[in-house]
Amino acid sequence: MGYPLELLQAILQTALSPVTAAFVIAAIGLNIHFGYTGLMNMGQAGFMLIGGYGFVISVMNGLGFFPAILISVIASMLFALLLGIPTLKLRGDYLAIVTIGAAEIVRMVARLANLSAITGGPSGIQSPKFRIEFNALSPLPEGRTDLFGLGILDYNNTGVDDWWSRIVAWGLVALFLLVTWLLIRSPWGRVLKGIREDEDAVRSLGKSTFSYKMQALMIGGVMGGIGGIIMAMPAAINPDGMGRATTFNLWMIMLLGGAATIFGPLLGSILFFVVRLVISSLATEYVPSTILSAQQTEIVSWILIGLMLMLLVIFRPQGILGNKKELSFNV
Numbered sequence: 248m249g250y251p252l253e254l255l256q257a258i259l260q261t262a263l264s265p266v267t268a269a270f271v272i273a274a275i276g277l278n279i280h281f282g283y284t285g286l287m288n289m290g291q292a293g294f295m296l297i298g299g300y301g302f303v304i305s306v307m308n309g310l311g312f313f314p315a316i317l318i319s320v321i322a323s324m325l326f327a328l329l330l331g332i333p334t335l336k337l338r339g340d341y342l343a344i345v346t347i348g349a350a351e352i353v354r355m356v357a358r359l360a361n362l363s364a365i366t367g368g369p370s371g372i373q374s375p376k377f378r379i380e381f382n383a384l385s386p387l388p389e390g391r392t393d394l395f396g397l398g399i400l401d402y403n404n405t406g407v408d409d410w411w412s413r414i415v416a417w418g419l420v421a422l423f424l425l426v427t428w429l430l431i432r433s434p435w436g437r438v439l440k441g442i443r444e445d446e447d448a449v450r451s452l453g454k455s456t457f458s459y460k461m462q463a464l465m466i467g468g469v470m471g472g473i474g475g476i477i478m479a480m481p482a483a484i485n486p487d488g489m490g491r492a493t494t495f496n497l498w499m500i501m502l503l504g505g506a507a508t509i510f511g512p513l514l515g516s517i518l519f520f521v522v523r524l525v526i527s528s529l530a531t532e533y534v535p536s537t538i539l540s541a542q543q544t545e546i547v548s549w550i551l552i553g554l555m556l557m558l559l560v561i562f563r564p565q566g567i568l569g570n571k572k573e574l575s576f577n578v
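My numbering puts the first residue of the sequence shown at 248, with every later residue one more than the last.
Check before you lean on any hint, since a few could be wrong.
Stated by the list, open to error - Quick list of in silico lysine to aspartate or glutamate cross-link-like pairs, DMTMM-like style, CA-CA up to 20 Å:
1. K336 / D487
2. K336 / D409
3. K571 / D445
4. K336 / E444
5. K454 / E380
6. K454 / E444
7. K376 / D409
8. K571 / D409
Note that these hints are calculated values from the structure, not bench results.
As the structure is a prediction and not an experimental result, all values here were calculated from the model.
Generate the whole structure from the sequences, applying the supplied hints.
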């Protein structure tokens, strides 16, 4: 019974991890872009980098916790504005190419050795200073020796992966899910869906589709930036940690849960991280190291997740929670 209990603890820890919550928030923003507006944004990781670096650089230069968050939000909005003005008239594959290129430009700029005094260069920035004021806001008992139990879970209240971080991160997830639900049910949200289905028809009704798409890009981009802050919160940010793979993972999460659904990003993110963990854990436990090393096990988990996504797209293109009548890859 020892191994099943350990696996269950690892699953719950992964499902409740602030990193999982960060991907949920970024995927909610991507869902607003693609699921509800039809924007093929392949550069959501760029928004995460902008938001994360905006927060980290602000804190490192003496700004307080909340002013740093404000700077991060403003930076994400400006990036959406600069990206959207020349590109939102593009459609489909062209927009995807431009956005992934923009995200790569952000990543490569952050990697520049000439900017290492600001961005840390390829190594990024590591400092416990990010969390000092954040930890000070915690109402939970302080110190690594103070434990907070919840059933079989037992974790530190302060540190990299602590309950205070989980409470804040998942509280933000709940907030953004509620905001998305309210926005999509509003007349503004109905216009977004109209743009996704037939932009010319919406334009013929006198609506400025460019304005609505810009608003959607900025709102989803801010969510991506908040996700980047949560990713950086454990006291480190690295430009390669939010690269192309992060964007592809976000797309996988959104499509797995179901695009154009409120809870699709939440379900998709939890399943994505938990399935990877279960596959790796089972392979490590039951497959001899002479057959599969730890590195090979990680590769196998990615292969199996990719196969599952292919099967999902083939047999249920709308995702687990999606409505085929509203949105599918076959449309």
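Status of the hints after comparison with the structure:
no. : hint        : verdict
1   : K336 / D487 : violated, 30 Å
2   : K336 / D409 : violated, 44 Å
3   : K571 / D445 : holds, 17 Å
4   : K336 / E444 : holds, 16 Å
5   : K454 / E380 : violated, 45 Å
6   : K454 / E444 : holds, 14 Å
7   : K376 / D409 : holds, 16 Å
8   : K571 / D409 : violated, 39 Å
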